[in-house]
Each structure stands twice: as structure tokens, then as C-alpha cells.
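*Asks:* Which chain is which? The protein sequence lines are L and P, in order.
Residue numbers for the first sequence, in my numbering: 1 to 298.
Residue numbers for the second sequence, in my numbering: 1 to 165.
Hints in this document: simulated from the structure, not taken from any laboratory.
Cβ atoms here follow ideal geometry from the backbone N, Cα and C, with glycine treated the same way.
Be careful, since some hints might not be right.
[Unchecked claim] Incomplete in silico selection of chain L near chain P, CB under 7 Å: (1) 41; (2) 43; (3) 147; (4) 148; (5) 215; (6) 218; (7) 221; (8) 228.
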Amino acid sequence: MALVVKNSTLGDITVKEAMRRQTLSLFLDSSIQSAIKYLLKHKVSALLVTDLTGKPVGVVSKTDIVSAFYAGLPVDMSLESIMVGPPLFCRQDDSLEAALEKMRSNRVYRLYVIDQSDENVIGALAYPDVVALLYVYCRGCEQSAVNRRKSHLDDSAVLRFRVRDVMTPKVVSYRKSDSLAEIIEGMSQNRFSAVVVNDDNLQPVGVISKTDLMLAYNHGVSTEAQASQILTSPHVRSCDENEFIEDAIREMVFSELHRLFVHDDSPHNITGVLSLSDVARFRSGSCHACVGARITLK
Amino acid sequence: MFIASDIMTDTFHTLRPDMSVPEAALLFRMASREEKRRIFGMLVVGPDGALLGMLSMYDLLLMIRPKHVQLWGVMDDIELGGLLENVCQQTKSVLVKDIMTTDVITVTPDTPVMLILDLMIKKHIRRVPVVDGDKIQGIVYISDLFYKIVDKLASESGGEKICMG
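Take these sequences, add in the hints, and give me the full structure.
*Replies:* Dropping the structure here:
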């Protein structure tokens, strides 16, 4: 039984429209430290690794760097030792649906776009860019919650998807006194990109993300250090589980967050997490009409 | 023939690798005031005075640049103020050493100015540290180099007969 996809919010869109044309790459003999610097500066989650002739041979992501931290590898070690290869490719004329499916089935968060000659990498397709594009479509659609609200249309009869319908209803949280090593283990088991950190009264006091761990690695912090040592913002960015998906997307896109924690009636009570990949896989804003038309089974 | 030591400035402020980005920003402002020129790049120096890297305006601006600029044309609900505040939050735990450029091109005090000029054009750089052994002697700024040449050109023209219209 094959999935046939039609009329999705992103149905007629090709990779070309969502891809990012700047491809960041480093040679395989570059250091882990140089990769950390590159990822931070360019605000991306992964970079392409090429051999000395420029041929792409692998990918290094924040996840790989955090694993290197956990394994105790020195930051001046080469990317060759931690990269994952070979990179996965798509073409700019591929449908976005097909590319997303390839990402999902291979459990990766990005594909590199290669030209017809199979030689030149001309861009990258990653979840944040797909979600940003989705937001543009939602904003342009008169059915979207944002636009109906703007024109003061009565929206009460329209059944809409809320954050709670798409979120991962699970939160992995740690205490301030837990070690970074324990946090990294929990993240990798659950494939989470961030965890909530609680104080001794189990009140959330902050978030530790892969970026925070990557920085700690670069700053020479030990993996045995306590979470409290690298907590920066005493704030958990969260949204209400009854919020429309569009509104949560907007928050993530503009705040450049890869996830929002989700709370119920009380902002202190975190009940789940909404990640960019959750949203990209959902491939829609909050209209049932959009989602209903999305996938049919052959 | 001019050499680096003729046109370099030997009063300059430096950053330490463990400063946070907001601390570095403060120093950029302070250095600009004290050196009476807008500073767009600073040397990063270790405790022993050794040159570790450089932090330039570009390194900082890259971090400030919003990730999804491509949306701006179609969005009318962007609050610029909020964006900047957001970035400031994000950069709090980032240190100078996390984003500085480490492969710094340097010259020595006796490097001829024309070689420096060539270097600046080829490598797209606007300031070059002047290093003697392990010791930093000064910085050559492209603007100082340019004005040295402008002065030379102007004096070649004899400084007269300049038509002011």
C-alpha cells in the first residue's frame, strides 16, 4: 500500500522553494571546534563535510558534536572522526512531500540539494525552512486563524487543530543538580533537542538545549558538571496547549527556536513539547480542511 | 618605501577569549570612544599577550542576522524590537572564543605597505595586526593606509590648481 499525497498545504511545492541556498561546509580535517563556531555563527544545526577535493562525504550535526562531548573527545579532533556519512541528497525539482518523506524515513533533519550533474551541492533543505514556508502559506490563506481573527470573522464554529493535537505529549525534565552526562543520555534516548530543568521543588527554572551543550563543550566544562552550571535563562519558552498551530509556528520562526514547550492552564505545568519537526511532519496549519485533503491511501 | 610600522597605530584595545558577546560589545563602544575612531574589529589576546584571534563586526552581525530573512517580504507582523531582544538573550552564553576568527593574517613591522595593500585586497580584510615574534606591535587599518596614499597623491599634484568650481 503506497501513500499518495495530494492537495496538501505544501502539495505543489518543490524543494526549490523551501531550500536554503547557502550551504555551509568544512573539510574533513577541520576541527570539531571550527564546526562549533560555524554552526553558532550561521545559526544552523548541521554542516556538510567534504574531502579535500570538495566532494561531500558526510554531515556533522549538533547531535554529533554533543555525542563527541559525551564521549570525551578533544575539541581539536577532526570532523572525519565524528561525521555521519554519506550525506543524503534530493534535487531542487523534487516535490517537498517526497523530500519530507525521505527525511522522515531516514530519520534525518535535513537533505542536501544536488544539481543534475550529481556533483555540485546547491543548497540544503531543513525543517526550520520548511516550517517557515508553511507559515507563509498559512498567512496567505484566508481560512487561517490569523486572518480570520484579523477580519473579525466568527471563528467559533470552525474546528481547528491546536498545539496539543500535534505536540509530543512527553516532557523529559531534570534537576539542577543532575549532570550534563545524564542530560545528554536522556536527550539521545528520547531524540529530544532540549530538556526542562527543574529546581528542587520541581518548578521549571530553565532549558538546556543542544546548543547550550555544544557551548559547554567548547568552554571546557566537564560532562560531570551540574546542569545549574550552564543554565542561562531562567525562563522556559512555552505556549498554551490550546493555542492554534499557526501561532506557535510564528513564535518559533521569529524567536528562532527549534521547539516550544507546552503548558496546560498553569504556565508552570509543562505537559509536552512542540518541535519544528513535529510541525513540518504535520505539514499544515490548523485547518481541518487542509489536513483532510492531504493524504489518501491507494 | 613605507613599511608597516610607518602607518600602524600602536594604541589599540583588545578582547579576552572568555568575555561574553555583550561584554565584547561594551568594549567595542569603549574602544571607539577612547581611540576616537569607530572600531569594527578587535584583536583577541591571551593572558600572556599572545594573539589568539580577531573578532570583527561581521562575526557579530552574522549572529544578529535573523534566520528567516526570506519571510520578511511577506510578513507584516514582525516586531523588530523583539527580534533584537531575542538575539541579545541568545548571545549571553556565547563567548568571544566561540565566534572569533582564529586564522588571522599578520604582518611584521617591516612589511612593505604595498604588500599589505595587496594582502588587504586579495583577502578582503580591512585591518592587519602587526606582530614581532610573539609581541603585538600595532594594527594597520585600511583607512590609514588609504589616507597615507591620498596624502602622497595630493602632494604629487603640488597641492595647487585644484579647481573648486
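*Asks:* Take the hints in turn and mark each one as holding or not.
*Replies:* Right, here's what the structure says about each hint:
no.	hint	in the structure
1	41	holds (5 Å)
2	43	holds (5 Å)
3	147	violated (11 Å)
4	148	violated (15 Å)
5	215	holds (6 Å)
6	218	holds (6 Å)
7	221	violated (11 Å)
8	228	violated (13 Å)
The structure is inconsistent with the numbered hints 3, 4, 7, 8, although it conforms to all the rest.
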